[in-house]
Amino acid sequence: MISFQNVSKVYNSHSVALEGVNLTIQPKEFICIVGRNGAGKSTIIKLLIGEEKPTKGRVFFGPYEVNKLKPQEMPALRRQIGIVFQDFRLLPTKTAQENIAFALEVEGRPQSEIDEFVPQVLDMVGLAHRARNFPHELSGGEKQRVAIARAMINRPAVVVADEPTGNLDPIHAGDIVKLLLKINELGTTVILVTHNREIVNSLNRRVISLDNGRIIRDEANGKYVLA
Amino acid sequence: MTLVLFVFLNLIIFNVLADSALAILRDKIDISVYFQTNVSEDDILKVQRSLASLSEVKDVEYISRDLALQSFKDRHKEDQTINQALEVLGENPLSASLNIKAKDPRDYPVIVSYLNNENLNNLVDQVTYSQNQLIINRLANIAETAGKGGVALTVILSVIAVFVTLNTIILTIYSTRDEIGVMRLVGAANKFISGPYIIQGVLYGILAAFLSMLLMVPLISVAAPYVKVLMPEVNINGYFYSNLLKLTGYQLGFGVVLGTVSSIIAVRRYLKI
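Sequence order for the protein chains is A and B. Take the first sequence: its position 155, counted from the start at 1, is 155 in the numbering used here, and no numbers get skipped. Take the second sequence: its position 130, counted from the start at 1, is 130 in the numbering used here, and no numbers get skipped.
Since the hints were derived computationally from the structure, they do not count as laboratory data. One should not assume that every hint holds.
To be verified - In silico SDA-like pairs for lysine to any residue, Cα to Cα no more than 20 Å straight-line:
1. B:191 to A:73
2. B:58 to B:14
3. A:46 to B:180
4. B:101 to B:178
5. A:70 to B:271
6. A:94 to B:177
7. B:191 to A:107
8. B:148 to B:271
9. A:68 to B:21
10. A:94 to B:178
11. A:70 to A:58
12. A:94 to A:141
13. A:70 to B:64
14. A:56 to A:104
15. A:70 to B:231
16. A:178 to A:205
17. B:73 to B:63
18. B:191 to A:205
19. A:70 to B:189
20. A:56 to A:94
21. B:28 to B:269
22. A:70 to B:180
Claimed, not checked - Here are a few chain A residues that sit away from chain B, every Cβ distance over 12 Å (derived from the structure):
23. 16
24. 85
25. 93
26. 102
27. 105
28. 108
29. 132
30. 154
31. 174
32. 185
33. 195
34. 202
35. 218
36. 224
Beta carbons are placed, not taken as given, at the ideal position from N, Cα and C, and that holds for glycine.
Next comes chain A alone, as it looks inside the complex:
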C-alpha cells in the first residue's frame, strides 16, 4: 500500500536527511518509526504526504506515485492520510467540533453529513461532552484526541501520528496509544513516529529504526533499540 523505493532526500551537501530507504507498509498494519532527532523520521512523513519531493527514488501511496503528483492533485492524496502532530495544530478560534467539521468543510461536504459524522467521531475519541469547548479549554490529551478525531473524520486509509504523545504525561500518552490501536483495529493503517521507548516496547508491533537517514532495523515485533 505504501512503498518507498530507494528513496534519498538531500537538503544540501552537509545535510542528508534520508539515504537509500526501501520500505513497504501493508494495509491495516500498525508500525512504529523510531530514531534520534534528525534521523529522518519526519522526512519520511513529509515525503509520504507530498510536502517534500525525494531527491532520488520513488514514493508510492496506493494508486499515487507521490513524487510525481502535481500541486492540484495533492489535496486528493492528503484526504486519504490523516495526520496528527505533537503540537495538535488545532485552530484556536474554533471549538472542538468546529475543528473537526473544518476537515469536511474544506472538501465542500454537505452540512447534513457534517452534522452526522462529527458527533460520531467525537464519541469515538470520548469527547462528546467537550464538543463546544475551545482548544484552550481542553487538556493536552483532549486536544490530541480532537486532532485524532479530525484526522479520522475523512475515514482515511492511513493515520500518521508524528510524536503524538510528545507533549503529554504518561497517562494521557497511554490513552492516545489506546485510541490509535482502536483506530487500527477498525481497519486503518497507523504509522506512529515516536521517541517514547515504553510505548514502543509495550506495543510489540513492527518497529522501523532510523539512524542518520538510513533504516538500521526493521522488525516485525520490534523493540525500541537505537544502537
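Could you slot chain B onto chain A? The hints should help.
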C-alpha cells in the same frame, strides 16, 4: 489603490475637458477673404462655389458689402464718431467677404495657398488667417502631453497599488498561516485555500472604486465654477453626474483588475499553489 483610481478618474475627466476645449476652439477658427470693393457679387459667388467644392472645406459663408456694413453699424451704434464718419463718407467702404471653415484645422494652410493663386490675386484684397491657430496647436500639445503624463502616472501608481495590495494580502496570508497549514493538512483544495485571498483583493478594488468616486464629488463641485468661467460651454458637473454609472463602471472594472492581479501574484508567490 483609491489614489490610483482617483488619478484614473481625473484622467478621464481631464480628457473630456481637453477634448471639448479643443472642439470649441477649433470651431472658432476660420479664414476671412476680403474682396476688392469693385469685384462683382457674381465673381465672389463663383469663388464661393469653387471653395465649397474643395474637400477640405466644411462651410463657406458669403457676407455681402451691405451685410458687412449693417453688422458694422450694429456693432458701433453707440459710437457717434464712427456713425458720423460713415455719413461723411457717403458710400459703403467695407469689402464683401467669405468666411471659410475647414473640416480639420490642419487644412487651413492648404486653403490659404489655394486663395493665393494668381487668378484670385486681383480679386482678393486680403486674407486673414486668424492667429488662433498657434494657440490651438499649443493647447492641443499641452492636452496631449498632459494626457500622456496622466497615463504614465496611472501606470506608475498602478504598479505601486499592486505592490501595496500585494503586501496587504501577504500580511493576511502570513497571519493566517496556521489556518492555511491546517487546511493543507486536511486536504483542502487549492481553490478553497486561495479563494478568500482573491476575494479580498477584489473587495479592495471595489472599495477603492467607490472611495475614489466619493472623493471626486467634492472636487467636481469645487472645480465646476472655475471650468464654467474658462469654458462656458462645458458643464463638468453635468458630465460627471450624467455619466456617473459609466464612470463607476470604469472605476470598478479597473479596481477589480488591479485587486485580482495583486492577489493572484500574492497567492502564487506565497501560497505556493
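Structure-based check of all given hints:
1. As the CA atoms of residue 191 (chain B) and residue 73 (chain A) are separated by approximately 12 Å, the hinted pair is consistent with the 20 Å bound.
2. Proximity of residue 58 (chain B) to residue 14 (chain B) is assessed by CA-CA distance (about 28 Å); at most 20 Å being required, the pair is judged violated.
3. The straight-line distance between the Cα atoms of residue 46 (chain A) and residue 180 (chain B) is roughly 17 Å, inside the 20 Å bound, and the hint therefore holds.
4. Proximity of residue 101 (chain B) to residue 178 (chain B) is assessed by CA-CA distance (about 73 Å); at most 20 Å being required, the pair is judged violated.
5. About 15 Å separates the Cα atoms of residue 70 (chain A) and residue 271 (chain B), which keeps this hinted pair within 20 Å; it holds.
6. Only pairs whose Cα atoms come within 20 Å are accepted, and residue 94 (chain A) paired with residue 177 (chain B) is accepted, the gap being roughly 15 Å.
7. Distance check on the hinted pair: residue 191 (chain B) and residue 107 (chain A) sit about 11 Å apart at the alpha-carbon level, within 20 Å; holds.
8. Under the criterion of a C-alpha separation no larger than 20 Å, the hint pairing residue 148 (chain B) with residue 271 (chain B) is inconsistent with the structure, at around 37 Å.
9. This hinted pair does not check out: residue 68 (chain A) and residue 21 (chain B) have alpha carbons roughly 64 Å apart, beyond 20 Å.
10. At most 20 Å may separate the alpha-carbon atoms for a hinted pair to count; residue 94 (chain A) and residue 178 (chain B) meet this at roughly 13 Å.
11. Distance hint between residue 70 (chain A) and residue 58 (chain A) is fulfilled; the C-alpha atoms sit about 15 Å from each other, no more than 20 Å.
12. Between residue 94 (chain A) and residue 141 (chain A) the CA atoms are separated by roughly 18 Å; this keeps the pair inside 20 Å, and the hint holds.
13. The suggested pairing of residue 70 (chain A) with residue 64 (chain B) is violated, with an alpha-carbon distance near 86 Å, which exceeds 20 Å.
14. For the hint linking residue 56 (chain A) to residue 104 (chain A), the alpha-carbon distance of about 34 Å lies beyond 20 Å, and the restraint is violated.
15. For the given pair, residue 70 (chain A) sits about 63 Å from residue 231 (chain B) by alpha-carbon distance, which is inconsistent with the 20 Å threshold.
16. Distance check on the hinted pair: residue 178 (chain A) and residue 205 (chain A) sit about 13 Å apart at the alpha-carbon level, within 20 Å; holds.
17. Among the hinted pairs, residue 73 (chain B) with residue 63 (chain B) is consistent with the structure: their alpha-carbon atoms are about 14 Å apart, no more than 20 Å.
18. Taking the CA atoms of residue 191 (chain B) and residue 205 (chain A), the gap is about 40 Å. The hint is violated against a cut of 20 Å.
19. Restraint check for residue 70 (chain A) and residue 189 (chain B): satisfied, since their Cα atoms lie roughly 12 Å apart, inside the 20 Å limit.
20. Of the pairs offered as hints, the one joining residue 56 (chain A) and residue 94 (chain A) is violated, with about 40 Å between alpha carbons and a cut-off of 20 Å exceeded.
21. A hinted pair counts as satisfied when its Cα atoms are at most 20 Å apart, and residue 28 (chain B) with residue 269 (chain B) does not qualify at roughly 57 Å.
22. For the suggested pair residue 70 (chain A) and residue 180 (chain B), the alpha carbons sit about 19 Å apart, so the restraint of at most 20 Å is met.
23. With 12 Å as the threshold on Cβ separation, the claim that residue 16 (chain A) sits away from chain B holds: the shortest Cβ distance comes to roughly 24 Å.
24. At roughly 8 Å from the closest C-beta of chain B, the C-beta of residue 85 (chain A) falls inside 12 Å, breaking its exclusion from the interface.
25. For residue 93 (chain A), the shortest C-beta to C-beta distance to chain B comes to about 9 Å, within the 12 Å cut-off, and the non-interface label is violated.
26. Annotated as non-interface, residue 102 (chain A) brings its C-beta within 12 Å of a C-beta of chain B; the closest such distance is 7 Å.
27. Distance to chain B contradicts residue 105 (chain A) as a non-interface residue, since its nearest Cβ pair spans about 9 Å, not more than 12 Å.
28. Not every beta carbon of chain B lies more than 12 Å from that of residue 108 (chain A), the smallest distance being close to 7 Å; the non-interface claim is violated.
29. Consistency note on residue 132 (chain A): stated as away from chain B, and its beta-carbon is indeed over 12 Å from all of that chain's, at 19 Å minimum.
30. Taking the minimum C-beta to C-beta distance to chain B, about 7 Å, the non-interface status of residue 154 (chain A) is violated against the 12 Å cut.
31. Every C-beta of chain B lies more than 12 Å from that of residue 174 (chain A), the closest at about 25 Å, which supports listing it as non-interface.
32. With a least beta-carbon separation of about 23 Å from chain B, residue 185 (chain A) lies farther than 12 Å from that chain, consistent with its non-interface assignment.
33. Distance to chain B confirms residue 195 (chain A) as a non-interface residue, since its nearest Cβ pair spans about 22 Å, more than 12 Å.
34. Listed as a non-interface residue, residue 202 (chain A) keeps its Cβ farther than 12 Å from every Cβ of chain B; the least gap is roughly 28 Å.
35. Residue-level check passed: residue 218 (chain A) sits 28 Å from the nearest beta carbon of chain B, beyond 12 Å.
36. Distance check on residue 224 (chain A): its Cβ is at least 27 Å (rounded) from any Cβ of chain B, clearing the 12 Å threshold; non-interface status holds.
Of the numbered hints given earlier, the model fails hints 2, 4, 8, 9, 13, 14, 15, 18, 20, 21, 24, 25, 26, 27, 28 and 30; all others are met.
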